[in-house]
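Peer 1: Using the hints, position chain L against chain Z.
Those protein sequences? They're chains Z and L, same order as listed. Position in the first sequence (from 1) plus 40 gives the number in our numbering. Position in the second sequence (from 1) plus 1 gives the number in our numbering.
Don't read these hints as lab results, they were simulated from the structure. Just so it is clear, CB atoms sit at the ideal spot from N, CA and C, and this is done for glycine as well. Take the hints with a grain of salt, since some may be wrong.
[To be verified] Computed footprint of chain L on chain Z; a stretch qualifies when at least three of its residues, placed anywhere within it, have a C-beta under 8 Å from a C-beta of chain L:
| # | stretch |
| --- | --- |
| 1 | 79-87 |
| 2 | 190-197 |
| 3 | 288-299 |
| 4 | 366-374 |
| 5 | 403-410 |
| 6 | 471-478 |
[Unchecked claim] A few chain L residues that don't get close to chain Z, going by computed Cβ distances all over 12 Å:
| # | residue |
| --- | --- |
| 7 | L14 |
| 8 | G17 |
| 9 | S374 |
Each chain is listed here by its residues.
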Amino acid sequence: MDCELLPRAQCRETMEQAQAEARAHGVKDVEVLMLAGAEALTRFANNTIHQNVAERTRHVSVRCQENNRTARATTNRTDAESIRRATRQAIAILRVQQADEKLPPMARPDKVVPVARWYSGTAGCAPMKRALLVKEVIQLCEEAGLTVAGIVSTEETVEALLNSEGVFCYHPETMATFSITAMAADSSGWAKSSSTDLEKLDVAALAKRAAGKAVSSGNPRELAPGRYTVILEPPAVLDLVGQIFGDFSGTALEDKRSFLTDRLGEKLFGENITIRDDVFHPLQAGAPFDGEGVGRQGLSLVQSGVAGEVAWCRAAAARNGRQPTGHGFPLPNSIGEMPQNLAIEGGGSSLDEMIRSTKRGILVTRLWYIREVDPYTKLMTGMTRDGTFLIEDGEVRGGLRNFRFNQSVVELLGNVEMLGPALRTSGEETFDMVVPAMKVREFQFSEVTRF
Amino acid sequence: MHDIAKQALNAALLEGVEYADARVVEQRQRALSTKNGAVAQVSSEESFGAGIRVLAGGCWGFASTHDLRKEGLEKAGRLAVEIARASCEARKLPVELAPEPAVQVVWSSPCNIDPFTISVETQVALLLEVDGELRREKGVTLAETSMVFDRTRQVFVSSEGSSIDQTRTWSGAGYTAHSFGEQEIQRRSYPNSFGGQYQLKGWELVQELRLKDHAAGVASEAVALHSADACPEMTGNLILDSSQLGLQIHESVGHPIELDRVLGSEANYAGMSFLTLDQLNKLRYGSEIVNVVCDARAEHGPGLGTFAFDDEGVEAQRVEIIRDGQFRGYMSSRETARAIGETRSNGTMRAAGWNRLPLIRMTNVSLEPGGQSLEEVFGGVDHAIYMETNKSWSIDDKRYNFQFGCEIAWEIRNGKRVRMLKNPTYSGITTEFWNACQAIAGREHWVLWGVPNCGKGQPEQTMGTGHGASPARFAGVKIGGGFQE
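Chain Z on its own, in the form it takes in the complex (with noise of 0.2 Å):
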């Protein structure tokens, strides 16, 4: 398709205008990356909209290279002589770098399988059906004597990638976000979803699942730290394990900084383990090639517990004789590449069923300021937030003050007893992914908070 918000010919265009300025200063190998954007997010809090906003944007950014030096100058301005300038200013920073011998050459077309991404309900969306929206997911949660906040997003975008040895990629997209903060005099609940169809989106569902967890956690009781059996809701396991993916990297692997350093090929986690990098998963999104126009692959991440395919751009699947895998980051940079579309392979087990076969445990919605501890163990810390559960004799007998965690993400995949479907799951510490709910056993909260 062409997407009015970055028509094709408009890329060719620029494109051309890159072109001819780069040779006129000698130049021959150009490539233009170019991003437009048009977002809206309506913002509520105290049960009234209090933040609406939107925005458009367009970024046409040229890099430039020549004798094994490359450089990049980007500008929002899209008229032919802003076109030139950057083009000018790229040569202009190249030329005084020196030469980097394992400097990939301009990348050549690739096959990239184009992926429908762009729904015309979510593009066009009004700032009054976003309003709307709002307005019944607070009579909702006010008829529960509930308090909210949360926001509506909508937005399109087009990123193209073009080169002067004639690659030319195009993916429109749309994406919309629903996330919901619902509170009581001592507690909270909360669940988020996105889609790129609006339609898909179940606003009024997402609501009750939030106003329920924030009457059920009131009330909370305060347990002592320690290691507990846990059942992580799918955000909870997307924003603590998805901390680990950028490792997953040829670059990150060259420069000693992966937990997967000196440990590829071997059992790392449990049987029950198996995680995909796959661009063209249906609950997936995203463009289906890189930052240098190479198509996306799938990668086989980890095998039945086994660590084995990693990411490799370009220049660092040159470098180490093997062959890109389409997950570079735009050229220059300094890490190389990661895996974007992850999807860990889920299981058969309800969430029911999960609590129903504990007998003494915590349910955890979602996990909160999460940051690393120690780059090798992967140990991570961060807090429990907005619906933390205890279970006794197979119930959830009620809310729990939040507790802070200590955890390595390597220990924790080997101690999964049991996994739900995969779900595409939004969180708010790392990017959307496929994941399942998990549960895991000894899972190490090391303090309480006070609410």
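Peer 2: Frame of chain Z, contents of chain L only:
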């Protein structure tokens, strides 16, 4: 830019609009980095656009655009008003603003040496020299250096008649040595993690940091950490260097005093605050030697939170936050000041660019220097753990329970360093921690640190903030809990 700003403002002054302002922002940035002896990134970026904010029917609407032609601005103006009217569908009370006088101002931050006049060649050469020095230490497996320079000019105009033209130039520079060995990754950074130090200065900041002079020591410590003892798990005296204390202030004082958080605006994302309105002028936040101000004025120093006027046209101010340990004030906006009965905003509304709505953000939230010498801070107790340079940071959504990790620690006995310690962490409850502050070093050790990556808001905004601190000592702190088995 003034003409564009006026056009943008006029585009929003449609029937029924009670208030409008427009910001036209032109930003230029240069970023450079090296990795293991090679240039990793040299890039230049510019951004130019307009954001229009309107109040109609007692509700806010905001629209921004990169299209600065007349028709682009008119479209954005109409959209801002349409959004405000849609907001009224779910309105409780109309927004009211604390009054603010109209001003006409032109202001630029001091910049002795324009960093954009220093050649890329010179800047890259310095970074590569530092990079080489880091890698001279056997055992350093990854050396990373970086610099960033930014100049942003903003013209703000409002329907109340203000016109404010501000230009801010800031710079940042620093480096990190990583060492992998024996199934462990260690690192040391200079002068701070997160890319180093950031201030509202030009190239002179890079000169003042004397980057090359510290590279050998930093590299040596990164490797030495492998053979250091692990930080013990204990409760005891903790001494923090000024950069870690700057982040401690940011997380456990700066965020909780944001009045929009207190009033619930951030409940769905960043969270709320334990500093409910009933705590003002009643809560003992810290010990009697703890004094914290929020100060955006140039007199406070060249912080990332220094400006002349905030992004809704309120003059930069100095606000008492904690005086002699007592909680005295919040950071406010025109809307939130009015909501709690204050007569004026204290000027902390900041937007991360033309395409973002201004929010209450930290300016420079600083711990005032204390009356102790450095010798008294270190030698005032028999035993302490001294920690330097942040490595990890986490705090709950009401800002009570925190845990920080640092790159390195030292065991201190009778004021002397007796051994290096690796993997140090400490944790606590905000008010208990600040009430345990026993000694703060004086002005000669006070540094105004820049935090370049403070996140808040939906859509997320990343903002630079300033935090001044001298090394300080705290008693009875839980140390080493992050690595407990």
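Peer 1: Each hint: holds or not?
Peer 2: Right, here's what the structure says about each hint:
Restraint check on the stretch 79-87 of chain Z versus chain L: 9 residues with Cβ-Cβ distances below 8 Å, three needed, restraint holds. Counting residues of the stretch 190-197 of chain Z whose beta carbon lies closer than 8 Å to any beta carbon of chain L gives 3, which meets the minimum of three for the stated coverage. Look at the stretch 288-299 of chain Z against chain L: 3 of its residues bring a Cβ nearer than 8 Å to a Cβ of that chain, three or more, so the hint holds. With 3 residues having a Cβ less than 8 Å from any Cβ of chain L, the stretch 366-374 of chain Z passes the three-residue criterion, so the hint holds.
A stretch counts as covered by a chain when three or more of its residues have a beta carbon under 8 Å from one of that chain; for the stretch 403-410 of chain Z and chain L the count is 3, and the coverage holds. Counting residues of the stretch 471-478 of chain Z whose C-beta lies closer than 8 Å to any C-beta of chain L gives 0; at least three are required, and the coverage claim is violated. At roughly 18 Å from the closest C-beta of chain Z, the C-beta of L14 of chain L stays outside 12 Å, upholding its exclusion from the interface. Every beta carbon of chain Z lies more than 12 Å from that of G17 of chain L, the smallest distance being close to 15 Å; the non-interface claim holds.
For S374 of chain L, the non-interface assignment is confirmed: its Cβ lies about 33 Å from the closest Cβ of chain Z, beyond the 12 Å cut-off.
Hint violations for this structure: number 6 only, all remaining hints satisfied.
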